[in-house]
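J.: All chains, full assembly: derive it from the sequences and hints.
As you go down the protein sequences, you meet chains A and B in turn. Count along the first sequence from 1, then add 21; that gives the number in the numbering used here. Count along the second sequence from 1, then add 553; that gives the number in the numbering used here.
Just so you know, these hints were derived from the structure itself, not from any lab. All values derive from a computational prediction rather than experimental measurement. Incorrect hints may have been included.
Unchecked claim - From the derived model, a few chain B residues whose C-beta atoms are all more than 12 Å from chain A:
no.: 1; residue: T600
no.: 2; residue: K601
no.: 3; residue: P639
no.: 4; residue: L641
no.: 5; residue: H678
no.: 6; residue: Q722
no.: 7; residue: P761
no.: 8; residue: L803
no.: 9; residue: R840
no.: 10; residue: V876
What the hints assert, rightly or not - Taking CB as the label site, the calculated pair distances span:
no.: 11; chain 1: B; residue 1: F875; chain 2: A; residue 2: P166; range: 28 to 34 Å
no.: 12; chain 1: B; residue 1: G571; chain 2: A; residue 2: V77; range: 56 to 62 Å
no.: 13; chain 1: A; residue 1: L58; chain 2: B; residue 2: G571; range: 50 to 56 Å
no.: 14; chain 1: B; residue 1: Y556; chain 2: A; residue 2: L44; range: 42 to 48 Å
no.: 15; chain 1: A; residue 1: K157; chain 2: B; residue 2: R840; range: 33 to 39 Å
no.: 16; chain 1: A; residue 1: V122; chain 2: B; residue 2: R759; range: 37 to 43 Å
no.: 17; chain 1: B; residue 1: V858; chain 2: A; residue 2: K157; range: 19 to 25 Å
no.: 18; chain 1: A; residue 1: V122; chain 2: B; residue 2: T568; range: 38 to 44 Å
C-beta atoms are modelled at their ideal positions from N, C-alpha and C, and glycine is treated no differently.
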Amino acid sequence: MQDLGLIHQLLIQLGGYTLTFNLEAIVMAWIVIAVLLFLGIYTTRKRAILPHSMQVFGELIVSSLYKLTEDALDEKLARTYAPLVTALFMFLLLSNWIGMVPHLHEPTKDLNTPLSLGIMGFVIAHYAGIKSKGFKAYAKEYFEPIFFMMPLNLIGELAKIVSISFRLFGNIMGGSIIILVVSFLTYSIILPPFLNAFFGIFVGAVQAFVFTMLTVVYISVQVK
Amino acid sequence: MAYDISTWVNLAAFTGAGIAMGLGAVGAAIGEGYTASEASVAVSRNTKLSGDVFKSMLVGQAVAESASIFALVIAILLLFLDVPNPTLVKGAALFGAGLCMGFGAIGSGVGSGFPGGQACRGMVHQPAMASRLTTNMLIGSAVCQTPAIFAMVVALILMFVDFSSAPLQPTWAALLGAGVSTGLAAIGSGIGGGLAAGASCEGVARSPEAVGPVTTTMLVGQAVSQTPSIFGLLISFVLVFKTFPETAALQTAMALLGAGLCMGFGGIGPGIGNGMAAEGAVRWVARRVDHAGDLMRTMLVGQAVSQSTAIYAMVISLVLIFVV
Numbered sequence: 022m023q024d025l026g027l028i029h030q031l032l033i034q035l036g037g038y039t040l041t042f043n044l045e046a047i048v049m050a051w052i053v054i055a056v057l058l059f060l061g062i063y064t065t066r067k068r069a070i071l072p073h074s075m076q077v078f079g080e081l082i083v084s085s086l087y088k089l090t091e092d093a094l095d096e097k098l099a100r101t102y103a104p105l106v107t108a109l110f111m112f113l114l115l116s117n118w119i120g121m122v123p124h125l126h127e128p129t130k131d132l133n134t135p136l137s138l139g140i141m142g143f144v145i146a147h148y149a150g151i152k153s154k155g156f157k158a159y160a161k162e163y164f165e166p167i168f169f170m171m172p173l174n175l176i177g178e179l180a181k182i183v184s185i186s187f188r189l190f191g192n193i194m195g196g197s198i199i200i201l202v203v204s205f206l207t208y209s210i211i212l213p214p215f216l217n218a219f220f221g222i223f224v225g226a227v228q229a230f231v232f233t234m235l236t237v238v239y240i241s242v243q244v245k
Numbered sequence: 554m555a556y557d558i559s560t561w562v563n564l565a566a567f568t569g570a571g572i573a574m575g576l577g578a579v580g581a582a583i584g585e586g587y588t589a590s591e592a593s594v595a596v597s598r599n600t601k602l603s604g605d606v607f608k609s610m611l612v613g614q615a616v617a618e619s620a621s622i623f624a625l626v627i628a629i630l631l632l633f634l635d636v637p638n639p640t641l642v643k644g645a646a647l648f649g650a651g652l653c654m655g656f657g658a659i660g661s662g663v664g665s666g667f668p669g670g671q672a673c674r675g676m677v678h679q680p681a682m683a684s685r686l687t688t689n690m691l692i693g694s695a696v697c698q699t700p701a702i703f704a705m706v707v708a709l710i711l712m713f714v715d716f717s718s719a720p721l722q723p724t725w726a727a728l729l730g731a732g733v734s735t736g737l738a739a740i741g742s743g744i745g746g747g748l749a750a751g752a753s754c755e756g757v758a759r760s761p762e763a764v765g766p767v768t769t770t771m772l773v774g775q776a777v778s779q780t781p782s783i784f785g786l787l788i789s790f791v792l793v794f795k796t797f798p799e800t801a802a803l804q805t806a807m808a809l810l811g812a813g814l815c816m817g818f819g820g821i822g823p824g825i826g827n828g829m830a831a832e833g834a835v836r837w838v839a840r841r842v843d844h845a846g847d848l849m850r851t852m853l854v855g856q857a858v859s860q861s862t863a864i865y866a867m868v869i870s871l872v873l874i875f876v877v
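T.: As C-alpha cells, then:
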C-alpha cells in the first residue's frame, strides 16, 4: 500500500541544476511508441488491392478516424489534421490499455504525459486559428464581449489545458488507485479482473476517445 | 474529560462513515426512482414490451446504484480501518474522506438515473433499437460515474496516505478542504453528465440513423460537464500533497478550508449548466444530424461561458492556498 502515489524518478545533477526524469512514464511511453511503430510497419507491409488481414485492420482504424475528423472539421482541413488525430488516439488508447499487462504501467498515469499532450493540442489549435483567421481577428476574440474581459478569457483558454489533461490523468490514475486498493483489501481474489476490464478497457477507451475528440473540437472552434 | 488520540481518530472515522453512507444513499435512490417512474410510463404505452422494459429498468437501476456502492465501500473501510499510528491529522483526513465520498455520490446517483429512464421510454418507441439503447445507456451512465470515482479516489488517498509527519495546525483544514472540494464539485458534474446521457438515449430512439453523432456529442458534452469536478480534484490534490509550514495562526487554516469550500460550491452550478447545454445539443443532433458539427461548436462555446464561474472559483481557491 505504501507505493500509493510513488513515482520512480531519476535525478541527474548537471551544472548546479537537478534534472528530474520520471523513468516509468518515459520507458512506458517508448514501449507504446515501439508497439505502434511495429503495428504501422506490419499493417502497411506488402500492400495490395486484395488486402491481407492486417492491412484491413489498419485501414479500418485509419478510415474511421479520418471520418471522425471530417465530421468535426471540413474536408480540406481534415486531410491536414487527421494524421495527428489518428496518431493521438492510437497512442492514448494503447497507453491506457498497457496497464493491464503485469509489470507495465500506463504512461498517462503520470500527469506529465497528459499535460504535454494537452499543451500540444492547445498550441496546434491556436496555431490553426491564427493561420486561418489572421492574427488580428484571432487576437480580437480575447477582447470580446468587452475589453476588460481579456484576463478572464485568457484564463478560460488556459483552463482548457488543465481540464483536458486532468480529465485523462484523473480517470486513469483513479482507476489504478482503486484497482490497487481493492486488490490489496481482497488479497487479489475475484474482483481485480472485473475492475481491470472496467477501468482499463472501458474507461481507457472512452477517455482516449474523449481526449482526441476534444482536441479536434478545440481546433474546429478556433478555425471557424 | 480528556480522551486519548486514538479515540478521537475513531470518532472521526465513525462520523465520516455515517456521513459517507448517509449522503451517499440520497442520490442513487432519487435516480433509481426516476428510472422506475419512466419505466412505468413506458409499460403503460405498450404493455406487450413490459418484459424488456422491466429488464432494462433493472439494469439501469443497478448502474445508478454503483455510486452508493462506492459510498458503502468507503463507509465500511472507515469503520474497520486499522490506523497504525493515530494522529489528529489522520482523524481529520478520515472525516474528510467521509465527507468527500458522501457528497460525491449524490450527483452521479441522480444523474445516472436519467439515461436508465430514457432508455426504458425509448425501448417502447423503437423496439428494434433495444440493444443499441442499452449500450448507450450503459456508456452514458458509466461516464456519469466519473465524478463519483474522483470522489472515491480522493477519499482513498485521504485514508491511505501517511500524514503522520505533517504539522497539525494548517494540515487538518487542508485535508478537510480537500474532501469538501472534490465532494461538492462532483454533485453538479454528476447531474449534468446524466442529463446529456438521458438525451442521448432519447435521441437514439427518435432517429436510429443518428447513433454515431449522438454518442459522440454525448461523450464530448459529458466530458466538458465534468470539468468543474476536475477543477475540484485539482484543488484537492494541491491541498493534500502540498506541504504547509506549521503555523499557530488560525487564518491560514481557515483559508485552506475556505479554498476547498469555494471550489466545491463553485463547481455545482457550472456542472449542471454544462449538462443542460449538452442535453440540448444531443437532443437536437438527433433531429438535425446534418448539422451535428455546428451544434457541437455551439454547445462547446456555451459551455465555456457557463464554465467561467467554475474558473473564477478555482482562481479564488488558488489565491487562498498560495497567496493568503
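J.: Look at each hint and say if it fits the structure.
T.: Verification of the hints:
1. T600: Holds: least Cβ distance 34 Å, greater than 12 Å.
2. K601: K601(B) clear of chain A: closest Cβ-Cβ about 33 Å, beyond 12 Å.
3. P639: Label holds. Min Cβ-Cβ 17 Å, cutoff 12 Å.
4. L641: holds, 22 Å
5. H678: holds, 26 Å
6. Q722: holds, 23 Å
7. P761: holds, 18 Å
8. L803: Non-interface label stands for L803(B): nearest chain A Cβ at 29 Å, farther than 12 Å.
9. R840: holds, 17 Å
10. V876: holds, 16 Å
11. F875(B) with P166(A): 28 to 34 Å: holds, 30 Å
12. G571(B) with V77(A): 56 to 62 Å: The hinted range 56 to 62 Å holds for G571(B) and V77(A), with Cβ atoms some 57 Å apart.
13. L58(A) with G571(B): 50 to 56 Å: This hint holds: roughly 54 Å between Cβ atoms.
14. Y556(B) with L44(A): 42 to 48 Å: holds, 46 Å
15. K157(A) with R840(B): 33 to 39 Å: For K157(A) and R840(B) the Cβ distance comes to about 38 Å; the hint holds.
16. V122(A) with R759(B): 37 to 43 Å: holds, 42 Å
17. V858(B) with K157(A): 19 to 25 Å: holds, 23 Å
18. V122(A) with T568(B): 38 to 44 Å: holds, 41 Å
When each numbered hint is compared with the structure, no violation occurs for any of them.
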